Amino acid sequence: MAVLQQIAVPLLAVNDTFLTVVEVNFNQKAAVKKGDIVMVFETSKTTYEVIAETDGFIKLMCEAGKDYAVNDIVAEIYSSVDEIVVEEKKVVEVVVSKPATTGVSKAEFNYTGTTLFSLAAQSLLQEKKISPDVFAGYEMVTAKDIQLHLNPNAFDKVVETIATKAPQPQKQNAALPDGTTSIKLSSNKKREIEYLSAVQETGLTSTLAINISTNGLFGSVNKHLKYFKNSLLPLLVYETSRLLVKYPLLNGFFYSNQIYTYNEVNIGFAIDIDKGLKVVKVAKTNELSVAQVEETILELSNQYLEDKIPVESLIGISFTVTDLSGEGVSYFRPLVNMYNSAIMGISAIDEELQRFNTSITFDHRITEGKYVAQFLSELKSRMESYAYNDAEVNNHIKCYKCFKTLQEDLAQVGLLPVITPQGKREHICQTCWNGL
Amino acid sequence: MSKMAINHKIIKQALTIRRVEEKFLDLFSQGKLNGTVHTCVGQEFSAMAFAAQLEKRDFIFSNHRCHGHYMAFTDDVRGLLAELLGKASGTSGGIGSSQHLCRSNFYSNGIQGGIVPVAAGYALGNKLNKNGAIGVVFIGDGTLGEGALYETMNIISKWEIPLLIVCENNFYAQSTPQSVNLAGSITARAEAFGIKAYKGDTWNPELLLTQAQEAMDYVRTETKPAFFHCDTYRLNAHSKGDDDRSAEEINEYRAKDFLVKFEQEEPEYFNRFKEKIDEDIDRMLATIFEEGDTKLEDYYTPHTNQKTEHWIALETINKRQVELMNTFFKQQFEQSDKVVFIGEDCLSPYGGAFKVAKDLSFIKPNQLYSTPISEAAIMGISNGLALNGFKPFAEIMFGDFITLAFDQIVNHASKFHHMFNKQVDCPVVVRTPMGGRRGYGPTHSQTLDKFLIGIDHVKTVAINTFFNPAIVFESILQEKQPVIVLENKTDYGKKILTNPSKAFIYNRSNDAYPIVHIKPVVSQPDVTIVAYGGMADFAATMIEDLFKECDIKPELIIPSLISEIPVEFIANQLSQTKKLIVIEEGSSYSSYSSELIAALSEVMDESFKVRRIAGLPVPIPSVKSLEEQVLPSKDRIINEIKSTFN
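Chains H and X, in that order, are what the protein sequence lines are.
Counting from 1, position 159 in the first sequence corresponds to residue 159 in my numbering; the numbering is continuous, with no gaps.
Counting from 1, position 195 in the second sequence corresponds to residue 195 in my numbering; the numbering is continuous, with no gaps.
In short, the hints are calculated from the structure, not lab data.
Mixed in with the good hints there might be a few duds.
[To be verified] Here are the simulated EDC-like cross-link-like pairs (lysine to aspartate or glutamate), alpha carbons at most 20 Å apart as the crow flies:
1. X:K502 / H:D133
2. X:K32 / X:E279
3. X:K548 / H:D133
4. H:K398 / H:D350
5. X:K634 / X:E544
6. X:K642 / X:E549
7. X:K23 / X:D278
8. X:K391 / X:D337
9. X:K548 / H:E127
[To be verified] If you only want the chain H side, here are some residues facing chain X, beta carbon under 10 Å, derived:
10. G137
11. M140
12. A143
13. K144
Note that this is a predicted model, so its numbers are computed, not measured.
Note that beta-carbon positions come from the ideal geometry of N, C-alpha and C, so glycine has one too.
Generate coordinates for the entire structure from the input sequences, incorporating the hints supplied.
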């Protein structure tokens with residue numbers, strides 16, 4: 001019979017309830033061959049190509065550049081071109097003529113009685129111009145059911161009872177200044193704006209920063225690192241994950257006048273190497289060793305470069321770290337992601353002062369500056385505790401006069417940093433210092 | 001001196017009572033007795049006259065000063081000694097101690113007055129059994145201040161119950177002399193009720209023995225009550241240190257005491273008896289001291305909730321709730337000689353204020369007792385019947401009046417089984433209608449459930465309009481413990497499951513006390529509502545409107561056993577909906593909802609939002625407009641749910 005294939009908007013990521021059709025490769029009623037790429041969807045994370053499963057003729061029910069709800073039918077492939085009847089273009093793009101299938105599980109009962117609509121549901125039906133018949137087979141319909149019908153993921157799992165906001169159509173401003181060129185926002189950018197707006201639009205965020213000394217740090221740390229020698233990220237992610245257990249408010253989010261905290265610590269790190277900004281998850285971070293953290297980061301980075309990040313690595317992120325140390329910045333103010341209460345920014349190491357800056361932007365509706373300050377101060381002392389604490393490093397540091405190493409400093413009083421008459425940074429032992 | 005006319009066996013037994021009690025005082029001062037003792041030193045011949053002369057098929061109810069009665073009736077000195085020393089081999093396993101003894105038709109309780117209607121009920125049972133047994137209930141002159149006594153005297157006289165009330169008049173109520181406390185005549189009290197009154201004293205034991213026998217013969221042969229006023233005097237304090245009587249007065253009575261005189265006049269016999277008795281006591285004590293106490297696991301069995309497993313679809317029954325109850329009782333009357341219905345105004349053709357007892361007295365007149373306005377006696381007599389193997393259903397006309405029977409429920413019915421170390425059961429049932437919406441005002445509209453759900457070892461059940469109440473009553477018939485049945489006066493006239501909503505499924509569990517579960521046909525509910533009794537019918541009736549107005553799909557859970565929480569089932573539902581509403585007609589402070597929420601909090605890991613909708617904490621007004629606002633109204637329920645969850 002007529003329809004050989006129906007193309008529906010796929011559910012690719014839980015937070016994406018609408019997808020953008022970025023490419024349509026055929027015209028209305030055009031012939032397609034099995035294996036042709038019919039169209040391409042874009043989500044916040046990735047793109048998705050729809051392949052024709054059969055030869056036939058295409059009936060398009062969508063346009064490139066527009067958003068469609070998950071499960072909406074956007075195209076069909078017919079066995080013969082004559083069977084394709086193209087309806088008048090619908091005013092409402094979110095089509096609701098299909099029978100409701102979500103929100104209410106109706107597995108075991110076959111209800112033939114009258115469907116009752118709550119008052120709220122009745123007005124929503126009117127407002128959305130939905131026929132009550134859509135809900136035949138259900139005994140009761142609430143406003144929530146209608147919202148679910150319109151948007152099956154409206155109350156989805158990741159954070160239960162939280163409706164993901166549908167992208168707001170931007171109002172065209174009539175009074176734009178002359179001499180501008182408009183650049184269409186990419187789907188990614190739209191998502192980004194949406195996600196970052198969630199926390200930032202309240203204006204109730206604050207940023208605190210602290211300097212952490214790197215003096216002697218890598219001598220010790222590099223021993224544990226396999227791939228990212230002289231990188232701060234693995235160790236910072238490792239230490240931060242431990243601290244988040246102690247500071248749960250930074251491992252949560254604010255929603256609907258309530259504070260939620262995540263039961264797990266899943267730190268996400270931001271990555272942006274020509275493939276768009278993504279935040280990927282180091283799952284159960286606080287259960288990993290430094291080496292495991294490093295390995296996970298490497299693995300995720302490779303997946304990112306190959307466009308093969310699994311969806312589960314993109315969701316459920318409880319805290320975000322963004323590392324701009326490679327870009328040489330000395331300080332920046334990162335923006336808190338949706339469903340996060342805080343984000344950490346790592347700035348570059350100042351080689352001259354042997355330190356780097358770590359900043360945290362947090363949602364002030366959840367906690368206060370003091371809490372974050374304590375977090376940062378604890379992080380600093382944890383990071384700095386790595387310096388000079390093993391034999392190799394101790395061996396490496398020596399008095400520039402007598403060459404006594406720190407390890408040989410049996411008096412356990414330590415060495416003093418000094419500037420030599422030649423202007424070099426060196427160390428001197430107590431004996432040489434006193435003797436001089 | 002008429003001592004020679006008294007059998008030495010009786011003297012020996014009286015002396016045994018005295019020596020045992022003196023030993024108790026000894027042990028107490030050595031710190032070996034836990035609790036307290038009230039001795040009857042000086043009063044022993046009252047015990048000998050009545051308790052010792054009763055037949056073994058007869059019974060005794062005694063009071064706090066009961067050692068003498070116990071030993072005279074049972075000869076069980078060892079059991080008493082062990083009991084007061086708190087040993088497992090004691091009369092009541094050490095649970096009851098001095099004031100709460102039980103063995104072979106002997107019962108005592110430390111509540112003044114309350115034992116009298118219980119004894120009356122026990123004696124009524126004997127009368128119904130036509131076994132020729134009679135009973136004696138011992139009170140003191142202090143108990144003449146208790147109302148339950150007079151309620152009972154009225155009834156035993158009217159119903160011709162074979163009970164002898166022995167009032168041991170020792171002239172003091174604890175420390176207060178009679179001149180301060182007592183008006184009028186003691187015997188005239190009984191005579192005013194048409195009860196034959198006798199009078200005697202313990203200073204002339206020979207005469208007392210004869211008089212007592214005469215009174216007991218009268219009760220037995222005439223099947224009528226009698227009252228015996230027995231003057232006596234306790235030579236020791238009420239308990240131990242609480243004695244302000246003059247030494248002069250005490251010595252005057254000591255000089256009159258038969259055993260004191262016997263010692264003086266027959267020192268050789270006295271000492272021989274005394275040595276033998278003391279030796280026996282010491283020998284018994286030596287072994288008792290070696291024994292262990294009752295173990296907690298032998299005393300207390302942790303409660304396990306009824307387990308809800310199977311669900312049955314509910315069906316409409318085109319009969320009113322009250323008709324179904326009436327049918328149940330009619331069937332029971334026809335089938336059983338042990339079911340007794342007792343309450344005010346329940347004689348047919350009237351058949352009780354709400355007609356539950358309609359025509360019952362036509363079927364078996366001697367199993368239905370229409371009582372005077374005497375709630376304490378109704379309950380007490382029912383307790384006594386229950387102890388004596390009957391299944392009494394007491395009816396308290398309005399729930400508000402149950403407070404008048406409260407002592408009988410809390411201090412008697414709920415206690416007997418455990419305080420007598422599980423030797424007896426008291427499967428009494430008391431039914432009463434609660435609830436307002438009839439304009440009866442502050443004292444005929446209350447929902448006092450909160451006072452009745454927390455009584456240990458008492459089951460409290462609330463019937464509803466969703467299934468035949470006979471299901472609950474059949475389960476109650478099997479109970480060995482006391483049950484309170486709460487009915488609702490607005491439900492009596494309703495039929496079972498009328499106009500169920502098509503959008504909901506109506507099920508009940510197959511438990512002894514079913515839980516009703518009303519849930520959406522197709523959808524998962526998004527709020528869990530718990531209500532019971534009259535409030536459940538109210539909530540079910542408005543369930544569609546509740547859905548429409550509040551934009552939530554409710555499920556309604558209606559427990560019928562409300563003295564325990566079906567916590568597992570409700571927690572399971574609540575873990576889906578995360579929203580709980582409890583609707584109750586009484587005020588919410590310290591109520592079913594409090595207990596429910598506490599129980600859920602103990603078992604649930606996930607958080608849930610909760611709203612209690614209850615009657616306002618003021619007396620229920622009669623005027624309709626105000627009554628509607630004080631009790632949970634439809635509008636208030638909807639508004640409170642909206643404001644909580646939307």
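Verification of the supplied hints:
{"no.": "1", "hint": "X:K502 / H:D133", "result": "holds (18 Å)"}
{"no.": "2", "hint": "X:K32 / X:E279", "result": "holds (19 Å)"}
{"no.": "3", "hint": "X:K548 / H:D133", "result": "holds (18 Å)"}
{"no.": "4", "hint": "H:K398 / H:D350", "result": "violated (23 Å)"}
{"no.": "5", "hint": "X:K634 / X:E544", "result": "holds (12 Å)"}
{"no.": "6", "hint": "X:K642 / X:E549", "result": "holds (8 Å)"}
{"no.": "7", "hint": "X:K23 / X:D278", "result": "holds (9 Å)"}
{"no.": "8", "hint": "X:K391 / X:D337", "result": "holds (9 Å)"}
{"no.": "9", "hint": "X:K548 / H:E127", "result": "holds (17 Å)"}
{"no.": "10", "hint": "G137", "result": "holds (7 Å)"}
{"no.": "11", "hint": "M140", "result": "holds (5 Å)"}
{"no.": "12", "hint": "A143", "result": "holds (5 Å)"}
{"no.": "13", "hint": "K144", "result": "holds (8 Å)"}
Comparing the model with each earlier hint shows a violation of hint 4 alone; every other hint is respected.
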